[in-house]
Amino acid sequence: MTPAASPVRVFVPRDSAACSVGADEVAERISAHAAAASGDVEIVRTGSRGMLWLEPLVEVETAAGRVGYGPVAPEDVDGLVAAGMFAGEGESLGLVEELPWMKRQQRLTFRRVGVVDPLSTADYVAHGGTRGLLAALAMAPADVVETVVDSGLRGRGGAGFPTGIKWRTVLGADADLKFVCCNADEGDSGTYADRMLIEGDPFTLIEGMTIAAYAVGASEGYVYLRSEYPDAVATLEDAIERARDEGWLGPDILGSGFGFDLHVRVGAGAYICGEETSMLESLEGKRGMVRAKPPIPALEGLFGRPTVVNNVLSLATVPTILAHGAAEYAAYGTGRSLGTSVFQLGGNVARGGIVETAFGITLGELVNDFGGGTSSGRPVRAVQVGGPLGAYLPVEQFDLSMDYEAFAAAGAMVGHGGIVVFDETVDMAAMARFAFEFCAAESCGKCTPCRVGAVRGVETIDRIVSGTDRAKNLVVLEDLCELMTDGSLCAMGGLTPMPVRSAVRHFGEDFNA
Amino acid sequence: MTSEVVAAAPVPAPGRAQRVREIAEELRGLRGALIPILHAVQEEFGYVDQPDIAVIADVLNLAVAEVHGVVTFYKDFRRTAAGRTTVAICQAEACRSVGAVELAEHAKRTIGCEFGETTYDGRVTLEEIYCFGNCALGPAVQVAGKLHGRVTSTRLNALLGEAR
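Chains A and B, in that order, give the protein sequences. Per this note's numbering, the first sequence runs over residues 1 to 513. Per this note's numbering, the second sequence runs over residues 1 to 164.
Simulated from the structure, these hints should not be mistaken for laboratory data. Check each hint, because a few of them may be wrong.
[Claimed, not checked] Rough simulated footprint, nothing fancy, chain A against chain B, three-plus residues with beta-carbon under 8 Å: (1) 35-41; (2) 95-101; (3) 113-124.
Computed from a predicted structure; not experimentally measured. Note that beta-carbon positions come from the ideal geometry of N, C-alpha and C, so glycine has one too.
Throw the hints in and build the complete structure from the sequences for me.
Set out below in structure tokens:
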């Protein structure tokens, strides 16, 4: 292949997942060769493409497109360079965008992740950034809200509430001060799309929050970002500074006269703070105790003011909706689950990573076609969809369509789109026990069903597994699950029964003594 | 020959109260300032000491009990100094599916302490974490702030060796 214009650009991810398997060391080694090539090679650190089994994935720009090499170990670099990597030659994966894994996806929210330098404002604009914001600023706020309503966008954090309807409520609320809060407390195991978006394309989130603020009349925004994601915190804080310098944030955004500013608040290791009212308490500097609803946060949220609370992916999808129109977005998907969803394959999976595709793909297509089965090579036994509070599903349910309604009908939930794969060695009674243990440890303690129920749940499963009054205790377990589902104040206690009940229903043999 | 001295409880460094007050006063203007202040104090001193709580409460005009309640609610806020190196092992579902529980057992045996504890010589603190967002490359382990993926017991031994 022929190299692109000089200098040749070589892309190495800076995403924390890629760095966890050596991307920094690979970049360092390539730098040494680039220095020897005296200015003909430029290294660009990007987000990750989301093909995590190929990390560290190095890409080289050629006239035909970007050629990929991966996984690259630091000690592979010398050989690759000698074989002509800087010209796109030698043993490679071929053009990255032509890989079947990439080609089968419809990347809208994630269109720039892995492509651009996350902190380059020039790169952002060159790849379509700010178009959504400019379109929004040219419209009346109420029309922006209606565009989001028409797009069919629903909350990607898990609850699936229509984003535009929430915004409409905040817009209609009369107050001197309103807030936009982004819930980036991505505590669910098996979910990492929020982290990858913030590390790989933070300006998209900033743009989405600014559009939300304009639409509802908010002047201040907060991103509640978990402390377990230090790289994301650093990237977002840096990006906010740069956005201010560009006039994308501040008192007069892009000369429109509209003012909005944004701040990062770092969490402190409490899973419950991913629940929206608990997050608001934490943002106010208090213990993350869940609030009773009503009042809903859209009317009485942060410091009692009308507040938009949305997940990272919901807000990051808004710019593309405004830039390309509601109809184009709503053309993707199925039934009442419109648009694309960012699924995340994790756990014991051969090819883990980000799959952004229209709702309606089946669970089996994701796990088998994209994921390639387990990484251990053993048969898949169970997958947990939607985080620690999501259901465990057996292979027999692999024809389930990935959409909110189909999953709800199956006693499961799509949640934040995380899919964790387990092979045949998994002990499902142990996983059900763990669901209760986790709830007992992370419950805020405000309501009794969650605080006490989780502890009783652990004890009951122990009795079942040890063979103590097994039949009777299974009845107690079901009764407890029903009570927690109906009586808990929030989704933590309300959904902990979901993994437990699904484990009993589909994998009952594991609960025998 | 001097006898080996068992380390006494850490004496608050002179001026700590003054410095904590400075941090609190610098950040008090933020909305919901308490948690940013606690993070800043821990960043500087490694943990939040009991006397710090009264100082912060005074600056923010809160009851000492309110600040105490916040400090104890959040796992991040330590009440004593951590060891020289902190090793945090993810124990959430995705990492469990690829052997994180077995890896943790290995770590406890090798390091010689349980989760939430520090070795007697103050070298290593072992923590359990619920998700670093590295769920496709588990088991995930953070050593001295750096995240590592696909950590086997052999790899963990090597990382511990480097840290010591």
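So, going through the hints one by one against the coordinates:
1. 35-41: Per the Cβ count (4), the hint holds.
2. 95-101: holds (count 4)
3. 113-124: Result for this restraint: violated, n = 0.
Hint check: a violation occurs at hint 3 only; the rest are consistent with the structure.
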